[in-house]
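K.L.:
Using the numbering used here, you'd call the opening residue of the sequence shown number 172 and step up by one each time.
Hints were generated in silico from the structure; no laboratory data involved.
Where is the CB? At the ideal position from N, CA and C, for every residue including glycine.
Be a bit skeptical, because a hint or two may be false.
Unchecked claim - Okay, the calculated beta carbon distance ranges per label pair:
(1) A474 - G524: 16 to 24 Å
(2) S482 - V259: 30 to 38 Å
(3) V423 - T531: 17 to 25 Å
(4) P324 - G501: 37 to 45 Å
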Amino acid sequence: MGRRSEARAYWMGAVTLLTAVGCTDGGGASGGLEREDLELLAEPADVRAPAVSTMALDISLTPVALEVGDFDGDGNIDLLVAGIEPGVGVAAAMYLGNGDGTFADAFDPGFSGCSAYPLVGDITGDGRTDVITNGCSDDLAVFEAQADGSLLPWDAWPAIEYGPVMGSVVTDFEGDGDGDLISLRMPDAAVLDLTLGNGGHGVWGVETSTIGTPDWSGFSPVSLSTGHFNADGIVDVVLLDREHDVAMLQGVPPANFAFPRELGVDVAPWSVRTGDLDDDGLTDLVVSSYSHAEVQVLRVSGASGGFVSVSPVSLEDFTPYDTAVGDLDGDGALDVAMVSDELPGVIWLTGDGSGALDLTDRFNLPSPAIRVHIRDIDDDGVGDIIAATFDDASITVVTGVGT
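Let the hints inform the model, and build the full structure from the sequences given.
P.N.:
Right, dumping it as structure tokens:
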């Protein structure tokens, strides 16, 4: 019988490694394969595998929190590790970013307070990331970041009594360009305090919105997140009652929150993160479940602020302790990264730009992790994963995740 051509493609993941055209005779014997028998079906892709690197902390404090920001205002992402130092109390270590995925040696930035779980954001209006934590006199300790990355108490912050603060967020409530502070407190009833900034020169004042007592409302929030859940340009709030539900409150000018409603999520919620997953200009919710190992997106539908629930995604055996939202593959659609406090790994769920998530990959870490962030630490325009692998006395970064 005559000889026939046979084409074969060899794949690694979605990348063609080799394509060849050979010849066989009727008996199946291969003809000699010469250079001219090779046929290039596609140009080779520029592919690099994700790089996982670990940075030893080498600090005297016991770390419990990891926050990221541009604390020195140079445009590079920096790391703030907070914890407890023996004989000192609450303290922190600052790692200034070099802009290439590496960080300078740690130094003491001057952080203190009565909570080792700070929040970060630009509250002073100078473009640097400031740090806020619970003070020791029913107040908040507000630190202004300096050009060298150190932290100094902000003199313009007034002595305001806040009581027990469950959590806070720095945002721009009314869109005037000033940093504002929204805090959740639980003295007896759940209340939201909105502290309106005055262009970096202190604050205008504090307005309080009462949500209600847990006995009356059946809702006991432990944390808050913010976003634009309708098209009025005013920041709204979502509150998390773990293992129960998520509730939204609409921001109302001049400085209040009203119209609370529970959203009825389909998962037992552990954490809530926000981002525009469907590119409509409004903020969607990513709700993770620790007890059931799944995640659900609640997508804002329409300018009035209604939510559409996307079917939950199973995470198999992975219990998500913390979640981050960001673009990991450079396609413009937001993705999700999750870490577990039980398993030494980080999982990546890709977003398709419509609000749906797909469980894509899992990367090994040297230990379980309690915090995860997505930021571009190597200035390549694509988000990287930063994980608090404190059981390994380290921070682990994963770069080149989706490239």
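K.L.:
Can the suggested window of 17 to 25 Å be confirmed for the beta-carbon pair V423 and T531?
P.N.:
Violated, since V423 and T531 (Cβ atoms, about 40 Å apart) do not stay within the stated range.
K.L.:
Between A474 and G524, does the beta-carbon spacing fit 16 to 24 Å?
P.N.:
Between A474 and G524, where Cβ atoms are some 20 Å apart, the hint holds.
K.L.:
30 to 38 Å was suggested as the range; check whether the CB atoms of S482 and V259 agree with it.
P.N.:
49 Å, violated
K.L.:
Just tell me: holds or violated, for the beta carbon distance of P324 and G501 against 37 to 45 Å?
P.N.:
This hint holds: roughly 40 Å between Cβ atoms.
In summary, the numbered hints that this structure violates are 2 and 3.
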